[in-house]
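Protein chains in written order, with the numbering used here: chain S, 1 to 74; chain D, 1001 to 1327.
There's no promise every hint is true.
Claimed, not checked - Here are the computed lysine-lysine pairs in the DSSO-like style, where the Cα-Cα straight-line distance is at most 30 Å:
| hint | chain 1 | residue 1 | chain 2 | residue 2 |
| --- | --- | --- | --- | --- |
| 1 | D | Lys1024 | D | Lys1130 |
| 2 | D | Lys1151 | S | Lys34 |
| 3 | S | Lys31 | D | Lys1151 |
| 4 | S | Lys32 | D | Lys1130 |
| 5 | D | Lys1024 | D | Lys1003 |
| 6 | S | Lys32 | D | Lys1250 |
| 7 | S | Lys34 | S | Lys65 |
| 8 | S | Lys31 | D | Lys1250 |
| 9 | D | Lys1130 | S | Lys34 |
| 10 | S | Lys65 | S | Lys32 |
As the list claims (entries may be wrong) - Just the calculated beta-carbon pair ranges, DEER-fashion:
| hint | chain 1 | residue 1 | chain 2 | residue 2 | range |
| --- | --- | --- | --- | --- | --- |
| 11 | S | Gln13 | D | Ile1224 | 30 to 38 Å |
| 12 | D | Gly1202 | S | Glu25 | 58 to 66 Å |
| 13 | D | Thr1177 | S | Asn10 | 36 to 44 Å |
| 14 | D | Trp1188 | S | Gln13 | 57 to 65 Å |
| 15 | D | Gly1192 | S | Arg57 | 50 to 58 Å |
| 16 | S | Val36 | D | Phe1316 | 27 to 35 Å |
| 17 | D | Gly1202 | S | Ala61 | 54 to 62 Å |
| 18 | S | Val36 | D | Thr1105 | 36 to 44 Å |
As the list claims (entries may be wrong) - Partial chain D-side listing against chain S, Cβ under 10 Å, derived:
| hint | residue |
| --- | --- |
| 19 | Arg1082 |
| 20 | His1085 |
| 21 | Ser1118 |
| 22 | Ser1120 |
| 23 | Tyr1266 |
| 24 | Trp1270 |
| 25 | Thr1273 |
| 26 | Arg1303 |
Read the hints as simulated data drawn from the structure, not as lab findings. Since this is a predicted model, take the numbers as computed values, not measurements. Think of the CB as a built atom: it goes at the ideal place given N, C-alpha and C, for glycine as much as any other residue.
Spelled out from the first residue to the last, the chains are:
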Amino acid sequence: MIIYDYEACNGCQDCLNVCPRGVWEIDARNKKAKIVNPTRCIDCTACEFQCPVRAIRIERALIPKSPQIIGAPF
Amino acid sequence: MQKGWRYYACLMGAQLMWPKLAIKSEQGFFSFNEADSESPVLVTTDYYLTSFRVREAIEEQGLRCHLLVVDGRGINVWCGSRGGHVNTDSVLDAIEQTGLAELVTHRNIILPQLIASSVSKAVLADNGWKAIFGPVEISNVGDFIDNGFEKTRENSNVYFDLNARLENNIAHIVFETVMFLAMTPFFWLLAGFDGLLSSWFGYWWSNLLYIIIGAWTLGTFMAIVDPMMPTTSGYVRGLLTGVLALIVWKVLLLWLSIMSPLTYVYEPAWLDTSGLTILGLSLFVGFNWGGATPYMGEDQMIRDILAGLGTLVVLFALGVYFPLGVF
Ligand code: SF4
Ligand code: SF4
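Pulled out of the complex, with its shape left as it was, chain D reads as follows (with noise of 0.2 Å):
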């Protein structure tokens, strides 16, 4: 299938920076390879990537099936149903706009397994269809409708291999870069007002282009190490991405000062300028990084963002008590 625009705006992230921008694909009721009243019906969400997967899996995979495709507000499946964009009535509604009854003879409809958190099984029941949750990945629907319904535990199973988490990352590096490119007026603002402040759009406009190319290293590193994170916590992931990066950045101006004593630009103090903006550019690429894994609970967000609030909070004042730097 030809990949148009619409793909690659849904994998920078067009959604992230505004919702508005969420992109949809037409929703009804799509039928392919010469699918019958007895073809198997999957169900999907309008969000334009998660549609077109779909298709493209169906079209590889020459399944002859009926794809049904409900309003989830331009929202992939799993944040639609995790943020209730998309329920029962979503399905029922789609089910009656496309008259399904009249198009199949059967009345089972295979949903996406990560809607189950919004999509009543029993709710459909009552209104007269069997709802049968398929597996995680669309990859494995053929498997699942020649083994009768019938999935194995793997594939109940959510994974996030190191390609969805480069991707993962595009979205990331866009969004931030935007992020940051947003925030310069502020700075700027604050350079309006005398004292100590007013230093600081001068740091961060001529810092700019590192602060943003840092920001990329980070999420990328962090992309890839993810299976050897010790937990699943995107605090503590920023927090020891940081401090190997500062480690990494002292040492290189260590050897920078050693090999030509002349420009010697080696900082004793850890935590000055350059290092307060390394911890707290790996915080906060940490923190969108925890977001963004499929491993991440709830409660472990909440403990998250209060942690790295109160740490975010530390280096701040550090970095306006001690702008020579501390420790």
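For reference, chain S alone in the conformation it holds in the complex (with noise of 0.2 Å):
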């Protein structure tokens, strides 16, 4: 499951560049990174390991979670 705090994003694209699943794409009008495939996500925890500003967390659920989004506003 994916924790994402949108407002911490900086839109670098780490993430982006390091999911090998298309999890990720930029929100090119907000120049913030959002999350187009969830269920894709194999909890590899690569962008939560690169993202230079800690807005991605992964847990690990027993029973499958859609992600939560911390500080979006919409």
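Both chains are sitting in their own frames, so use the hints and assemble them into the complex.
Set out below in structure tokens:
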């Protein structure tokens, strides 16, 4: 399960560049990362490990859960 | 490049049998195609098959570049990274030991993308090195360099094509064969006890060859139909394949019985010994398969293990209490 702090994201795109499953895209208008394929995530933690502002956390849940997004204005 | 015994031992999954059997290649700094101090530096780990394929790709694409082979304990990049066997220190150590700072004038290193779970770009930057994550497949690294270290979205994604799946299957086949042979003494010990379990050795020993061939067939089937599986779960894939195999097996027996009624082999109870064996075997192979695909999350793995163990216990109990078959 992905926990993503929308507000903290600085749009550096590191998560896009390391995710092997195409989970992330960049929202061109707001210059922030957004989750487009949450169910494809395999908890490899690459995005969590590389994000320079620690905006991503990956939690392993026994029962699948949809991502939690913190601080999004929508 | 010449493919020696090391290459084939890796293909056969030597490291699956025992981690100490992992075959390593030489670590250090290597230059290709007259690379100079301005040429890019690629990084990889010392698993023999990985570094062989990286060198092969560099030579095939005629890349003018350097290669830094870091200590990855002979494990492939992705497994090593997710398992924490290679980390930022491994890369920093290799940089220091090879004196990379003196060998090149720039401070860029191209890391394999799949090392990103454990090698920190930020810590490398603190040490004066700019890390760039390259494409997943080494075959795309030439384009990546030509495009000024930019990769397409597709080149960031992991794919598991038929070739890769069939190659993976070879390691599975070897691993399962060795496991079944290693389990034989256990059944032989059971034969020493009186009662129900004593008959198991006879069954195991007289059917071992069929069990091994069955595992090969099930695994190869799973490798081929992988994209058609409805979920990434190894449990579901094992169960579906098992039910299908059971139907094929029973229809075959029925057909044989109809064709030559004198040698009647069809058993009306579907979950008889052969039925239970097929289901159990398929679950086992499905597990192995699930774990080997790049699509499986670690939480999914735990769910699979719980569901699989539960089902195997039920099948086991059915086999013990209904030796002549149920349903
Ligand atoms: S790595 Fe972090 S900061 Fe960079 S785009 Fe992704 S979420 Fe935003
Ligand atoms: S944990 Fe891995 S698969 Fe999941 S979003 Fe992050 S990089 Fe992608």
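### Task
Return the numbers of the hints above that this structure violates; sort them in rising order.
6, 8, 13, 16, 17, 20, 23, 24, 25
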